[in-house]
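Q: What follows is the residue order along each chain.
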Amino acid sequence: MAIARERRRGIVKRTMEYFVQQLINGVTLGSIYGLIAIGYTMVYGIIGMINFAHGDIFMVGSFIALTVFMIMLALGVTALPLILLIVLIVAMIFTSAWGWTVERIAYRPLRGSFRLAPLITAIGMSIVLQNFVQLTQGARVKPLPPQIQGGITLMQGNTDTGAIVVQLSYMQIIIIATTVVLMAAFSTLIAKTELGRAQRACEQDAKMASLLGVNVDRTISLTFVMGAALAAVAGVMFLLYYGVIDFYIGFVAGVKAFTAAVLGGIGSLPGAMLGGLAIGLIETFWSGYFSVEYKDVAAFSILAITLIFLPSGLLGKPEVEKV
Amino acid sequence: MSPASAKPAAPSPTPADATHRWEVDPVLTVEHLTMRFGGLVAVDDLSFNVGRGDITALIGPNGAGKTTVFNCVTGFYKPTEGRIVMRHGRDGGDEAVRKLTESGEPWARTDAGGIFLLERMPDFRISKEAKVARTFQNIRLFSGMTVLENLLIAQHNVLMAASGFTIGGIFNLPGFRAARQAAIDKAVYWLEHTRLIDQADIPAGGLPYGAQRRLEIARAMCTEPHLLCLDEPAAGLNPRETSELNELLEFIRTEEGTSVLLIEHDMGVVMEISDHVVVLDYGEKISDGSAERVRNDPSVIAAYLGVEDEEVAEAEAEAAAAAARAAKAPAEESGDRP
Amino acid sequence: MSDINQAGSAEEHQAPGALVEWEQRVAGYGGEPPFVEEPEYGSPIVLALKDAAIAAGIAAALFLFFIGFRTDINLGGLELTTRWQAFGISIVAVFVGRLAFRMLFWGSRQKGGRSLATRAIESRKGTPLSEHFARHSGKVGAFALAAAIVYPIVILWAFPLKDKQFIDLGILVLTYIMLGWGLNIVVGLAGLLDLGYVAFYAVGAYSFALFAQYFDVGFWFALPVAGLLAACWGIILGFPVLRLRGDYLAIVTLAFGEIIRIVLLNWYTFTGGPDGISGIPDPTFFGLAFARGDDNLPGLLGLKYDSAYKQAYFFYIILLLAMITNFVTMRLRKLPLGRAWEALREDEIACRSLGINTTNTKLTAFAIGAMFGGFAGSFFATRQGFISPESFTFMESALILAIVVLGGLGSQMGVVIASIVMIGGFELFRDLAEYRMLIFGLLMVIIMVWRPRGLIATRDPSAILKQRQSISADMVAQGEGH
Chain A
1 MAIARERRRG
11 IVKRTMEYFV
21 QQLINGVTLG
31 SIYGLIAIGY
41 TMVYGIIGMI
51 NFAHGDIFMV
61 GSFIALTVFM
71 IMLALGVTAL
81 PLILLIVLIV
91 AMIFTSAWGW
101 TVERIAYRPL
111 RGSFRLAPLI
121 TAIGMSIVLQ
131 NFVQLTQGAR
141 VKPLPPQIQG
151 GITLMQGNTD
161 TGAIVVQLSY
171 MQIIIIATTV
181 VLMAAFSTLI
191 AKTELGRAQR
201 ACEQDAKMAS
211 LLGVNVDRTI
221 SLTFVMGAAL
231 AAVAGVMFLL
241 YYGVIDFYIG
251 FVAGVKAFTA
261 AVLGGIGSLP
271 GAMLGGLAIG
281 LIETFWSGYF
291 SVEYKDVAAF
301 SILAITLIFL
311 PSGLLGKPEV
321 EKV
Chain B
1 MSPASAKPAA
11 PSPTPADATH
21 RWEVDPVLTV
31 EHLTMRFGGL
41 VAVDDLSFNV
51 GRGDITALIG
61 PNGAGKTTVF
71 NCVTGFYKPT
81 EGRIVMRHGR
91 DGGDEAVRKL
101 TESGEPWART
111 DAGGIFLLER
121 MPDFRISKEA
131 KVARTFQNIR
141 LFSGMTVLEN
151 LLIAQHNVLM
161 AASGFTIGGI
171 FNLPGFRAAR
181 QAAIDKAVYW
191 LEHTRLIDQA
201 DIPAGGLPYG
211 AQRRLEIARA
221 MCTEPHLLCL
231 DEPAAGLNPR
241 ETSELNELLE
251 FIRTEEGTSV
261 LLIEHDMGVV
271 MEISDHVVVL
281 DYGEKISDGS
291 AERVRNDPSV
301 IAAYLGVEDE
311 EVAEAEAEAA
321 AAAARAAKAP
331 AEESGDRP
Chain C
1 MSDINQAGSA
11 EEHQAPGALV
21 EWEQRVAGYG
31 GEPPFVEEPE
41 YGSPIVLALK
51 DAAIAAGIAA
61 ALFLFFIGFR
71 TDINLGGLEL
81 TTRWQAFGIS
91 IVAVFVGRLA
101 FRMLFWGSRQ
111 KGGRSLATRA
121 IESRKGTPLS
131 EHFARHSGKV
141 GAFALAAAIV
151 YPIVILWAFP
161 LKDKQFIDLG
171 ILVLTYIMLG
181 WGLNIVVGLA
191 GLLDLGYVAF
201 YAVGAYSFAL
211 FAQYFDVGFW
221 FALPVAGLLA
231 ACWGIILGFP
241 VLRLRGDYLA
251 IVTLAFGEII
261 RIVLLNWYTF
271 TGGPDGISGI
281 PDPTFFGLAF
291 ARGDDNLPGL
301 LGLKYDSAYK
311 QAYFFYIILL
321 LAMITNFVTM
331 RLRKLPLGRA
341 WEALREDEIA
351 CRSLGINTTN
361 TKLTAFAIGA
371 MFGGFAGSFF
381 ATRQGFISPE
391 SFTFMESALI
401 LAIVVLGGLG
411 SQMGVVIASI
421 VMIGGFELFR
431 DLAEYRMLIF
441 GLLMVIIMVW
451 RPRGLIATRD
461 PSAILKQRQS
471 ISADMVAQGE
481 GH
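Residue numbers (our numbering), protein chains in the order written: chain A, 1 to 323; chain B, 1 to 338; chain C, 1 to 482.
Excised from the complex, chain A in its bound form (with noise of 0.2 Å):
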């Protein structure tokens, strides 16, 4: 019985359908990656931190909406776009509350200071967002049945053992055109608006460009909110994808995450997505093709490898030493 299964499980394996639903699959879970990266990327290029709680954030993100989501539906509402936008917006708005906090509290009296301390309470920060969710919210994973179901088929073939189909499902569809849609307007944001220039100000140098009439205290405030505002929509799209969160999902998202980042190149907005992408793909083919156990181990294999050859990631800037 068991050996018959290997067997058709290799079969399969060899299948171009099995090829495409891999890629699919990592796609979706490199578009929630991605929007996790992002956050990591953006606050990086601005205070040149690693903001370890930012997978945290992506975490109190999911509670927020998974508490949301019971509150609608014991209010009554059955309309399922409704209260997924409401949902999206109520928890983009709590999520920012927390990011601003998380930056006000633990950083902002730290800038300029050296660089180790933020760290520190970066560190610090996780552990305290955690355990108060753990203890407000309780350790047990939390389920939500899936609420939408079904998909698109788009292939289907036929092997000696049974037939195999390969569908893209409407949650992945939602997934990688909300990433999507997400990216362009991001894009635009820090490429035309005030706040996007003020951005990339600060990024280049706070100190000229407080000189030159920006408030560099909240650029660097509305970075952290706009970070978060992603996580949380990241978070979103994990509870309704996979169905079951816990307080522990931001640490190993997190670390996912800034691996992404630090692959695309870190500070590279583009770079966070690309990495995200990378990262999704290589955990998903490695668990399609080789072993899920060593999924991450692939997936740091492939970042150490990546920095060694390209010390700036994939898209970063390659840094001239200066002497």
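Since the hints were made in silico from the structure, they are not lab data. Honestly, I wouldn't trust all of these hints.
Some chain C residues judged to face chain B by a derived CB distance under 10 Å, without partners named [as the list claims (entries may be wrong)]:
| no. | residue |
| --- | --- |
| 1 | V328 |
| 2 | D347 |
| 3 | I349 |
| 4 | R459 |
| 5 | I464 |
| 6 | Q469 |
| 7 | V476 |
Think about it this way: if two alpha-carbon atoms lie no more than 30 Å apart in a straight line, the pair counts; the simulated DSS-like pairs of lysine-lysine are [unchecked claim]:
| no. | chain 1 | residue 1 | chain 2 | residue 2 |
| --- | --- | --- | --- | --- |
| 8 | B | K78 | B | K128 |
| 9 | A | K317 | A | K295 |
| 10 | A | K317 | B | K78 |
| 11 | C | K139 | C | K334 |
| 12 | A | K295 | A | K192 |
| 13 | B | K128 | C | K334 |
Simulated restraints on C-beta separations [to be verified]:
| no. | chain 1 | residue 1 | chain 2 | residue 2 | range |
| --- | --- | --- | --- | --- | --- |
| 14 | A | V180 | C | R83 | 37 to 43 Å |
| 15 | A | S187 | C | G279 | 56 to 62 Å |
| 16 | C | I236 | B | E81 | 53 to 59 Å |
| 17 | A | V292 | C | F215 | 30 to 36 Å |
| 18 | A | I89 | C | E79 | 23 to 29 Å |
| 19 | B | D45 | C | I235 | 38 to 44 Å |
| 20 | B | K78 | A | G151 | 52 to 58 Å |
| 21 | B | K78 | C | F221 | 46 to 52 Å |
| 22 | C | R83 | A | L75 | 14 to 20 Å |
| 23 | A | V180 | B | N62 | 44 to 50 Å |
| 24 | B | E81 | A | M208 | 33 to 39 Å |
| 25 | C | F239 | A | M208 | 37 to 43 Å |
Cβ atoms here follow ideal geometry from the backbone N, Cα and C, with glycine treated the same way.
We have chain A; now place chains B and C onto it with these hints.
A: Same frame as chain A, but now just chains B and C:
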């Protein structure tokens, strides 16, 4: 004289005959050096010599590629093309250099010293083996460490070997103790000559600017270099400090026998102490010769003229002032004393 | 000529270059002119109340979905409950807390409103703790060592009922002190940000456990081997990644730590996977065991068997190992190698210009730091008697790093204090089980904001010509990646 230094005594400061020392006995030969950054050509087919025991100045308008040349010589940049030869002894003739180049080795020891192809060597080996030391345009001291520690770090390789690569040092063996004392003695020697001895135990970052510049030179000298490369040593110094710097460089050249290559914008310094001046503009050499010759070179004047009227006036004024200062310097020195 | 210069340089010393530069730096970061925060007008009490009200409003937004609502798993799926009372209390608490804070620190805020600058100046001028320690570091160290030596004896005598618990706590604190000292070499001295230090701890622990399991070797034989293996791993990891800069190095070391853990977790046939390895032998005392029976050490000494004796023995082993770590580190600091580490932290480019092979120097820091991590790991394995990958998570790396940074980078005494405060404090609050991790995290944030440079923020020079002067942390660089 520094206790551990075993370099040949300096040749007489001025050559007896008309031939220039940089032509007959170069310590450093830069040949067809080209450095490109992407599409930008920072240094273009540059060749010049640095004479043994000379003070050689590399001048030119901003962005002429002077610091790039320095970074190529000291190994911080790998040149796109060209050869940079460092000779420790006089016998490193063209034949020996050619042989070394063909052998593919980065350096060869000879009876009189050695020949080093700097473009083949990583930066730290250039300091360690080829004995080229440098300072930086924006001072790079170990600012959280004391003045004395800064000078001890410069003797890292000697001390490291004496400490038996740390094993002997952990047990504080006598050999290491002696080497440590010698290192401190040498540091004290240089502290005395840079007038920093009273500040030996304060952090380098706490020194005033001029003292930081002196300390950086002292630190470079602690590596016992054959060639000392100074990147704008007089930048930001007041006139008194500048004249002190001149004395220090004079001392390094005559007493230590170390050749000096310096980048400088202060024409007063350049004209007063240089035996040999090389002028760069847009990465190319436009003039090369004694200070006197270069000052009167029309192409040099044009290069400074070509930049901006203000700068020319500035350069001219500076040159004039420098000449006046150079003429007056001894008198001033005695007259200033209260 | 010379007396003029003397006078001149004495004057210049009134305002050292670095001080001016530092002030400019501080002025640069506060968002100061031309952009200036609008000053607050009005009576202090009204302002404080307004401020507290804003804080309470934010707290309401933050806590609404966490304290106000709670989701729980029930028979029919998730169930939503509300806790308005707790929600209300939490908001009131924030309001009162903020008001009290504002009242307490009103004076310092009034002085100029630039909280960062004032705080930095205060920390620079008023570093009594640091100064005190710097001046008496020798005496404090000797006293601490003496206290550590008598600790188990005092505990055995004074708390016969809780002796095991207290000695255990001592062992735990010492383990973290040793790990902190090991990491201090890498982060504090060489300035390389290592977020995967726990990997070497794991290598050490598993080396001993696997040696004991497969070859039946004892602790004292396995200890040096485990240290060497960890050092080798340090070199293997370090070689490709050390040319990466700053945060890239941080993430790769983090990744490496995770890789080691995942491999240990999944290589079931070799490491036992999540089940871990149990039955790791105890260390012997020159061949004698701390066990029941007349042939064993307590029996031979004519003592009644008490498992606390074994604990005390463990305590002395880790004390010895930690002191070796400390001794070697202190010696290395005064040797060219250690000085080169610090120089590397200060300015890598200048190091290269002085002929220092920076790659090798970094590798030695990595390897020696890793080696001490390996020793500590071996000890951990023998003390627990059981290890599993769960003990080697990223959290552990973060905790060790926090100890090093909170204590003050490069400061040996700082690590001791931070370990006692963090680990000791953490264990003392065992009764607050659920809250203690939360408090622990908050404590990390508060200490860091209070003293960004750590508790002991002065550097002790490694060589002195005439007079020892400790160096204020503001001068000291934190190396790349910081």
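Q: It remains to establish, for every hint, whether it holds in the given structure.
A: Hints, one by one, checked against the model:
no.	hint	result
1	V328	holds (7 Å)
2	D347	holds (5 Å)
3	I349	holds (6 Å)
4	R459	holds (6 Å)
5	I464	holds (6 Å)
6	Q469	holds (5 Å)
7	V476	holds (3 Å)
8	B:K78 x B:K128	holds (17 Å)
9	A:K317 x A:K295	holds (28 Å)
10	A:K317 x B:K78	holds (20 Å)
11	C:K139 x C:K334	holds (19 Å)
12	A:K295 x A:K192	violated (39 Å)
13	B:K128 x C:K334	holds (21 Å)
14	A:V180 x C:R83: 37 to 43 Å	holds (39 Å)
15	A:S187 x C:G279: 56 to 62 Å	holds (58 Å)
16	C:I236 x B:E81: 53 to 59 Å	violated (37 Å)
17	A:V292 x C:F215: 30 to 36 Å	holds (33 Å)
18	A:I89 x C:E79: 23 to 29 Å	holds (24 Å)
19	B:D45 x C:I235: 38 to 44 Å	holds (43 Å)
20	B:K78 x A:G151: 52 to 58 Å	holds (55 Å)
21	B:K78 x C:F221: 46 to 52 Å	holds (49 Å)
22	C:R83 x A:L75: 14 to 20 Å	holds (18 Å)
23	A:V180 x B:N62: 44 to 50 Å	holds (47 Å)
24	B:E81 x A:M208: 33 to 39 Å	holds (37 Å)
25	C:F239 x A:M208: 37 to 43 Å	holds (39 Å)
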